[in-house]
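Trainee: The numbers in the numbering used here rise by one with no breaks, and the one at position 39 of the sequence shown is 489.
Because the hints were derived from the structure by calculation, they are not lab data. We put the beta carbon where it would ideally sit given N, CA and C, even for glycine. Hints should not be assumed to be uniformly reliable.
Computed beta-carbon distance windows for the label pairs [to be verified]: (1) 523 to 481: 12 to 22 Å; (2) 456 to 522: 18 to 28 Å; (3) 513 to 460: 17 to 27 Å.
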Amino acid sequence: MIGIVLLGGGLLILSLLLCQFRLFNYIIIAESFNVIVLLVSLLESINGCRMIFVTIMSLFVIEISLMLIIVGVEIKEGCLRVSTGL
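Start from the sequences, fold in the hints, and give me the full structure.
Mentor: So this is what it looks like as structure tokens:
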């Protein structure tokens, strides 16, 4: 489980560097990483994985809220440019 956390931290730092610190791109990459962590936590039969599942699901809610805020601000400013991430 510690290996997954270290791998996740490394992937998130790498995605920040690749996305040039743009928040919208970073959130899209974080979403795809969260799906991987959710699948691993569901496959494991350890009791602590339930807590990881609940935590990642709450992160989904926060990230979707941030994405909606960013898109709303861009629409309000009149220039919606949806990036493709990587």
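Trainee: The structure should be examined with respect to each hint, and the outcome stated for every one.
Mentor: The hints, checked one at a time:
no.	hint	verdict
1	523 to 481: 12 to 22 Å	holds, 19 Å
2	456 to 522: 18 to 28 Å	violated, 35 Å
3	513 to 460: 17 to 27 Å	holds, 19 Å
The structure shown violates just one earlier hint, number 2.
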